[in-house]
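Participant: As a plain string of letters, each chain reads:
2 protein chains.
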Amino acid sequence: MKPTEGRRRVVIEGIQPAVDAGRYPAKRVLGDTVEVTAAIFADGHDHIAVRLLYRHSSERGWHTSSFAALNNDLWSAKFTVDKLGTWNFSIEAWIDHFDTWLHDLAKRLSAQTESTPQDIPMALRIGANLITAAAARAKGSDAKSLKLAAEHLLSLANANLPQYSSPVTEELVSLVTLYPDLSLTTRFPVDLPLWVDRERARFSTWYELFPRSASSTPGKHGTFRDVEAKVPEIAAMGFDVLYLPPVHPIGRAYRKGRNNAVAAEPGDVGSPWAIGAAEGGHTDLLPELGTFDDFADLVRAARSHRMEVALDIAFQCSPDHPWVKSHPEWFVHRPDGTIQYAENPPKKYQDIYPLNFESSDWRGLWDALYNVFEFWIDHGVRIFRVDNPHTKALPFWEWCIAEVQKDTPDAIFLAEAFTRPHVMYSLAKAGFTQSYTYFTWRTDKPGLQEYFEEICAPPVSDFFRPNVWPNTPDILHEQLQTGGRAMFMQRVILAATLSANYGIYGPAYELCEGRPAPPAPGREGSEEYLDSEKYQIRDWSQPPTESIAPLLTRLNQIRRANPSLQRNENLVFHPCDNPQILCYSKATAGHRDAILVAVNLDPRNAQAGMIDLVLDKLGLPWTGSFEVEDLLTGTSYTWKDQRSYVALDPAVMPAHIFRIVQ
Amino acid sequence: MKPTEGRRRVVIEGIQPAVDAGRYPAKRVLGDTVEVTAAIFADGHDHIAVRLLYRHSSERGWHTSSFAALNNDLWSAKFTVDKLGTWNFSIEAWIDHFDTWLHDLAKRLSAQTESTPQDIPMALRIGANLITAAAARAKGSDAKSLKLAAEHLLSLANANLPQYSSPVTEELVSLVTLYPDLSLTTRFPVDLPLWVDRERARFSTWYELFPRSASSTPGKHGTFRDVEAKVPEIAAMGFDVLYLPPVHPIGRAYRKGRNNAVAAEPGDVGSPWAIGAAEGGHTDLLPELGTFDDFADLVRAARSHRMEVALDIAFQCSPDHPWVKSHPEWFVHRPDGTIQYAENPPKKYQDIYPLNFESSDWRGLWDALYNVFEFWIDHGVRIFRVDNPHTKALPFWEWCIAEVQKDTPDAIFLAEAFTRPHVMYSLAKAGFTQSYTYFTWRTDKPGLQEYFEEICAPPVSDFFRPNVWPNTPDILHEQLQTGGRAMFMQRVILAATLSANYGIYGPAYELCEGRPAPPAPGREGSEEYLDSEKYQIRDWSQPPTESIAPLLTRLNQIRRANPSLQRNENLVFHPCDNPQILCYSKATAGHRDAILVAVNLDPRNAQAGMIDLVLDKLGLPWTGSFEVEDLLTGTSYTWKDQRSYVALDPAVMPAHIFRIVQ
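Each protein sequence line maps, in turn, to chains R and F. Read in the working numbering, the first sequence has 569 at position 557, and its numbers run on one by one without any break. Read in the working numbering, the second sequence has 340 at position 328, and its numbers run on one by one without any break.
Hints may be right or wrong, so weigh each one.
To be verified - Once the Cα atoms are required to be at most 20 Å apart in a straight line, the calculated PhoX-like pairs of lysine-lysine come out as:
1) R:K232 x R:K242
2) R:K119 x F:K360
3) R:K95 x R:K359
4) R:K14 x F:K418
5) F:K242 x F:K232
6) R:K359 x F:K119
7) R:K337 x R:K359
8) R:K119 x F:K359
9) R:K418 x F:K14
10) F:K629 x F:K652
11) F:K652 x R:K360
12) F:K95 x F:K418
What the hints assert, rightly or not - Which residues of chain F face chain R? A partial, calculated answer using Cβ under 10 Å:
13) G26
14) D55
15) A135
I should point out that these hints are in silico values taken from the structure, not numbers from a laboratory. Where a beta carbon is used, it is the ideal one built from N, C-alpha and C, also for glycine.
Only chain R is shown next, with the shape it has when bound in the complex:
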């Protein structure tokens, strides 16, 4: 069957950015300049014209923007996203007969001696017809000007001059271009979606702490007020997200004791992730932490220090959760009528009831979970760290995040999923703003380089934003157990400079807490903390002789001062001949800000090596010397060559963070 219109000769292919051919939105942040590229071409030798269509979802009409031709039939256009939420873009292209004619005329004019006498008059008459057609599409004075131009070409054609020069002015070209013949335009059939977040989605610095340990009185249960007292100190270190584990009532049934003991002792505070008790569930506060007024004060105090409070949303219930009684249909029931607790045979987690996403009342369940986010949004929270999202149905997340962000486009969702790559990526596609990563387990040079090359470049970087953590309350990597202070320094420097989003679980991190819990029977090691705050109150008040807080402060200052460190797609690795030294750079467009980092991955020995700089990625010419300034020490060096020497002693400082002085 023939198409309705078979004369649309232009083909548009391979538009980028597009996540799964437009099935999911690509992600950008407010103020970004979005570059759209595509292969666009037609049969034959006619020239084509191309324009970008783009609009925010709140707009009806399309904005247009022009394309520039790159090589090999590729085209590029740009637009700036100045509003949060969903945008769409597409492409229109058509044969540009006027431009084809213009090119043809130029060739004829330059070959007048070889051509037959009627060649140029004929060409001028063809041009007059094209301009007359444009005049018919134009209005008012433009139409008049175009008509006059066409008449001028005709009179020249009739004059039969012995020698012609071009009668086409730049003004005429601009005027004709204003009134293109769009009747045979190819329109790319998909309006590609783009999701625009606020800037903190791309650049954020997280500090996680347990309010239970925030009291200045050892052993006393901490409160929101205690956390509020710590806000100035945390803000002074340069963090801008203060992330709290779940703040809800904690279940009493099967409560876990200290160090994950099967049975709690009297007075044990239990795990904040065993959510729900007589006092309430996901929209209630643990009374020991304080009131909603206290919580509101903490949110306000954080704001006044350029920080935001992020809440941990863990969609699971303790046996005491109100939903267990009010909505038993949201849980899996066993043949004896009891509710199925979490299990990984032979292990039992009887303190946790998972929700059943195959519930016949999935609609009611989805609404209830959505309402949890809405509840905390009403209490001033805009950032959510979602616990184990990979154990909840993906269609739920796609719906829920879109539904929340419809009214609250500045809401940020961080996916705490440590699982297989496709599932992690799928959560990001489904809408999570940021994602936990494998960073913690990427410890050697090839492992770090391969992983960051994968996640910092398209297609992954179009939908997946890494948020890297050297530690979490669940993960004390073996490196931190054995590598000492130098390792804590190294890992946070890597996190802060490889990724625009990073976070630490403190004060465990800055105090270099590295003591692991004993391994479970039959296991070789443990990534759990000894005396983990997940199950008890910790006293962090001892004098911080070993604290690396000054390094954290400096790192976060450097990140704020250097916009190149506030994004990821600009990451470039530079070869170094020492396999223990990882070298990479980030630069802003035009290289106005360029940072070069060299990290010694060996926490015990000084390492030195030669770095082969990829100079054009740093905006440096191929000859001549240049200055680099180490932002950690203030020392400056003059480098004379593309090949430069570095030496790093972990006992002093395991890394250089150089600013290239241009």
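Using the hints, position chain F against chain R.
Facilitator: Using the frame of chain R, we list chain F on its own:
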């Protein structure tokens, strides 16, 4: 807005083969086993079940085929295409609660000492419920068997044994698997298309000749009868496609003379591509070549020698073409009412009128062009070499080829497009079965390797089938002008072994005709033949002292005897330390047939080097010696190592074609 069914928890992504996400069909040939891969996964730890749906377009119901799990959430399934034409395939996947339970039960059984007494009875009751549900979906005796199995599990649960062994037999698993719960199945939303050609689409050997020069009497215009007389000889060389330049009446207006002279002399035969005269157009024969009966005899004679006649279809008209009068609206008109001839200012091609694909009667034009193919199909032709398809609208090709192949799925279209990569690929996507390539201009080792790596692997190989030509009547590459007989040997060996489809323009090729036309004014060289057959009759009857016909014969024998050379996606390059020696292999599945080729690209000097064989690609173990037999010379060698020595003297034979003897 919530989806209609929010409990479809499985995600299906990245199905292959898919050309532009299913916008165009992937290509395969009859009898191929199609491997379908995809990333398929769900939230959580539940097991999933996956099945392939596939069918020929003539079928209503779907066939199903099971998937095997690869690593990293990737799955693979296979099906065989046993019918020409369009096929479709898609994927269904769902949570397999029975398989999840089975896995869970096994873990519980192996940990009985650690578990609480009611653990296994509870698991058995859950299993009984799942089996009862399967029974409800089953029929007849299967339903009965399943019910009994469920009762058996329940009775075991009630028995409260001190120790359990698995009550689930393989038969029970098979039976439950027959009746899956498909109520929450995820169906991939696209039915991906696949086009199945006959085998010659993938493996063909073309011989092009000008019938005008086929007479055994020098100077006399050759006929179809003369060509028929040559069929046995061409077939004996091993060619299976006999391709003729256009056979239609040739225009007289502005006819070109010998060596492309602007004006023809009396008696000049003109270019066969200037189609149309008083005698007719695209559905008529040049009277000098013979009658339709003669043509039919030639088609028959070719068939009887396992060859097919391929026609050249060039959609352009001489000023004498009947369409110029009957359908002036199919051409572009100039302001003075004359028809626009082909031009590239200041060059004029007044003997050619291009067709106007922006004609208001594009529908009529499309029908007329379609009818040309149908006409020749009615005259026994199934293979078309289409001249300059890239100067005709792409939507036309997509419609026309699909329309022809609807009734004639064994029709083969070869695109003669030497243009930019996107346009060439787009023609292949639009439906062309085979495509001319840049092979002619890929002359050094990196150039050849990079190009063939691009076109022999997905995504390109899923839609683009190369047909490589060392020469054509339009292209006598500078290498052939200067490289002598050794170069003719080298290039045809490369063509015949790198690509499953190749062709030559003869007898110019086997007679090593290398004399170029003088360059055009201002040009450095020419790729045109001196005394080109495009404009005159050539006498090829001189004694073929230099003929490489015996090599062609041997090459084509080797291609027929070795199925590994009849496909492209199996091409693998092997490193050689001499930059003048190109080494590559092709093997069939299971390495039953494995061919290793080493070619000396230097036509003047002997070259030697060490090849580092990628042993697993040849089906060879990492230790022990193996035999290789040179199929060009019959000589055998015993190689002892992954690293092997070759020496090639172009004066003797520029290549080895080794068969690996297993």
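Participant: Against which earlier hints does the structure fall short, listed by number upward?
Facilitator: Structure breaks hints 3, 7 and 11.
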